[in-house]
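S.K.: Sequence:
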Amino acid sequence: MNFNPNKTLFFNIICILFIFITDSPADLIERKCGTFSKDKSIISKRLFGIENFKDDILLERKDDILPLAVKSPANHFYIHYSITGYDAVENIDNNQNGIPDYIDSVAYYYDFVYNYQINILGLRPPNSDAHLGGNSLYDIYVCELGKGNNAYYGLTYTEFSPDITSYIVIDNNYSPTDSSFNSNGKFEQTYNTFGIEAMKVTAAHEFNHSVQLSYPTYSYNIQFIAEMSSTLLEYWIFPEVKDYKYYIDKFISELPKYSLLSSDPTHGYLWVSLFIKIFETYNDYSFLKNIWENANKYENNYKILNETLKETFNTNLDKELFDMTEWLYHTGNKSYIAPYYKDVNILEPMKFAYYGDYSIPSLMYYNNIFPYSFYPIRVYFPFSLDKDKDTLDFIILNNNKDYLINNELEYDKFSFNIFESLNQNCDRKVLNNEYCLKFEDEENLKIKIFENTGSQIKTNESVFPIPYTGETDFIAFPIPTDYLNDKIHLSIYNIDNNCLYSNIINIGLIENYRVAIWFAIPEDFRNGIYLYKLSNIDKIISTGKFSIEKTK
Numbered sequence: 066m067n068f069n070p071n072k073t074l075f076f077n078i079i080c081i082l083f084i085f086i087t088d089s090p091a092d093l094i095e096r097k098c099g100t101f102s103k104d105k106s107i108i109s110k111r112l113f114g115i116e117n118f119k120d121d122i123l124l125e126r127k128d129d130i131l132p133l134a135v136k137s138p139a140n141h142f143y144i145h146y147s148i149t150g151y152d153a154v155e156n157i158d159n160n161q162n163g164i165p166d167y168i169d170s171v172a173y174y175y176d177f178v179y180n181y182q183i184n185i186l187g188l189r190p191p192n193s194d195a196h197l198g199g200n201s202l203y204d205i206y207v208c209e210l211g212k213g214n215n216a217y218y219g220l221t222y223t224e225f226s227p228d229i230t231s232y233i234v235i236d237n238n239y240s241p242t243d244s245s246f247n248s249n250g251k252f253e254q255t256y257n258t259f260g261i262e263a264m265k266v267t268a269a270h271e272f273n274h275s276v277q278l279s280y281p282t283y284s285y286n287i288q289f290i291a292e293m294s295s296t297l298l299e300y301w302i303f304p305e306v307k308d309y310k311y312y313i314d315k316f317i318s319e320l321p322k323y324s325l326l327s328s329d330p331t332h333g334y335l336w337v338s339l340f341i342k343i344f345e346t347y348n349d350y351s352f353l354k355n356i357w358e359n360a361n362k363y364e365n366n367y368k369i370l371n372e373t374l375k376e377t378f379n380t381n382l383d384k385e386l387f388d389m390t391e392w393l394y395h396t397g398n399k400s401y402i403a404p405y406y407k408d409v410n411i412l413e414p415m416k417f418a419y420y421g422d423y424s425i426p427s428l429m430y431y432n433n434i435f436p437y438s439f440y441p442i443r444v445y446f447p448f449s450l451d452k453d454k455d456t457l458d459f460i461i462l463n464n465n466k467d468y469l470i471n472n473e474l475e476y477d478k479f480s481f482n483i484f485e486s487l488n489q490n491c492d493r494k495v496l497n498n499e500y501c502l503k504f505e506d507e508e509n510l511k512i513k514i515f516e517n518t519g520s521q522i523k524t525n526e527s528v529f530p531i532p533y534t535g536e537t538d539f540i541a542f543p544i545p546t547d548y549l550n551d552k553i554h555l556s557i558y559n560i561d562n563n564c565l566y567s568n569i570i571n572i573g574l575i576e577n578y579r580v581a582i583w584f585a586i587p588e589d590f591r592n593g594i595y596l597y598k599l600s601n602i603d604k605i606i607s608t609g610k611f612s613i614e615k616t617k
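Per the numbering used here, the sequence shown starts with residue 66, numbered consecutively.
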């Protein structure tokens, strides 16, 4: 489906597109931004009175329920607020200028993001609203936005007469006690970030939406890129605020759910991970400006992004996405391997969509994958003390472009087979060439393989029993002959170096060998390879690895 270039098209279509996708209080995606929500008119009807609306269209923005207003120091914004009633900001005025300190901060930071986006990045300023809201300045309405059924960090409301104009609504305090109903009817905390920190990133985010409206657009689902762009500006302008972390964490925990070609604007918060990767790699401001300059030239998001990458960095979208697999993989505790995401140490580790246990003669697996999405897989191999690589990780990227022609986001199928290579002809040998990884119908699939995920620690003496099958109620770890204490500290890690267990355990005798005996084996330990460390105070006594292969 194609549309003629028309800058009013952008928010005409955006206004009807919004999908609630989460009910987890840690995600809060549905409360991030109300700009693309179908219920944002409810908020404006409360601000300006239902009598000023025809259906969901605001006819006149002359009076509002907020009695006070102040100009920002740089005269870019007119900020409306109240110090009484439901929408009141806290009336603290430490500098005694007659304006609440919170409103002073709103005025300062909106001027700050205006200077950054317009004067530094070179983006177009928002269209003038021709004295709507009391004067020609851009209007910011500060009200209670964090409670009830229609709670958001902020929203940008669009008007049409004759150019696209807009105004921004933000919360009056971003309180940690603000709670709201999610799409599943659960009452939850509204915000991940609070107070001035939340207001700052909302300023960067929502003002960028107002800037986007000054550009003509072509693609019917440009709102996806709009959210990528606005979330990136939070990261870029206020790097000290880590609100974006919650969206990357959700992305890397559920990678197969999110296609870059989705029409759901909320997925744009998650795909900011691609924009961050691009900007950390090239450190060039012009890319974001070029995206919006190209927004009316190409009929879909793929072409907008791909052509902008070509002209700005002489690269392409498929290459950047494949390179991104390294960045996704090296999150959380893998951050020591190489510097990828700047704040990688605060991100959660990427989660695998499938965990498989290899057994002779082969492992076969098949599933569905969205075009332009990632599917991460981990396969465990039989344990052996003389092998370093016990686990194979790989990430599948689907580059199927049929969707761009048919405009219907449908799953593709994939399947793979792992078997011992021996003398067989195999194009993709893994784990010291001992195994063959073979994909069927991989014309559109790109595979990034990570082999160095198992323990590279070897010991001369074995853990007992090996493997642990659950038939005994203990695991015994060998103790060096020169260690004479009767207790020792045991730490158990998975192969990603996440500590799963840590405690003092006793040393005893089994068949005249001194061993550390671990009886408190958690029932939820799944089959796989584990690392252990025995230590006394800060001194490491022994390290090694063992496997769990329970049959029940």
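Honestly, the hints are just simulated from the structure, not real lab data.
Where hints are given, some of them may not hold.
Said to hold, decoys possible - DMTMM-like, lysine to aspartate or glutamate: derived pairs with alpha carbons at most 20 Å apart:
1) 368 with 467
2) 127 with 262
3) 511 with 467
4) 310 with 383
5) 511 with 561
6) 110 with 262
7) 407 with 473
8) 342 with 391
9) 310 with 413
10) 384 with 345
11) 466 with 349
12) 494 with 477
13) 119 with 224
14) 466 with 588
15) 503 with 516
16) 322 with 473
17) 617 with 492
18) 103 with 262
19) 617 with 538
20) 342 with 228
21) 407 with 345
22) 362 with 345
23) 212 with 224
24) 513 with 588
25) 136 with 169
26) 478 with 505
27) 617 with 588
28) 513 with 385
29) 552 with 576
30) 368 with 473
31) 103 with 121
32) 478 with 506
33) 384 with 413
34) 368 with 391
35) 136 with 116
36) 494 with 467
37) 466 with 506
38) 212 with 228
39) 322 with 228
40) 416 with 376
S.K.: Compare the structure with the hints numbered earlier in the document and write down the numbers of the violated ones, lowest to highest.
M.R.: Hints 2, 4, 5, 6, 7, 11, 12, 14, 17, 18, 20, 22, 23, 24, 33, 34, 35, 36, 38, 39, 40 not satisfied by this model.
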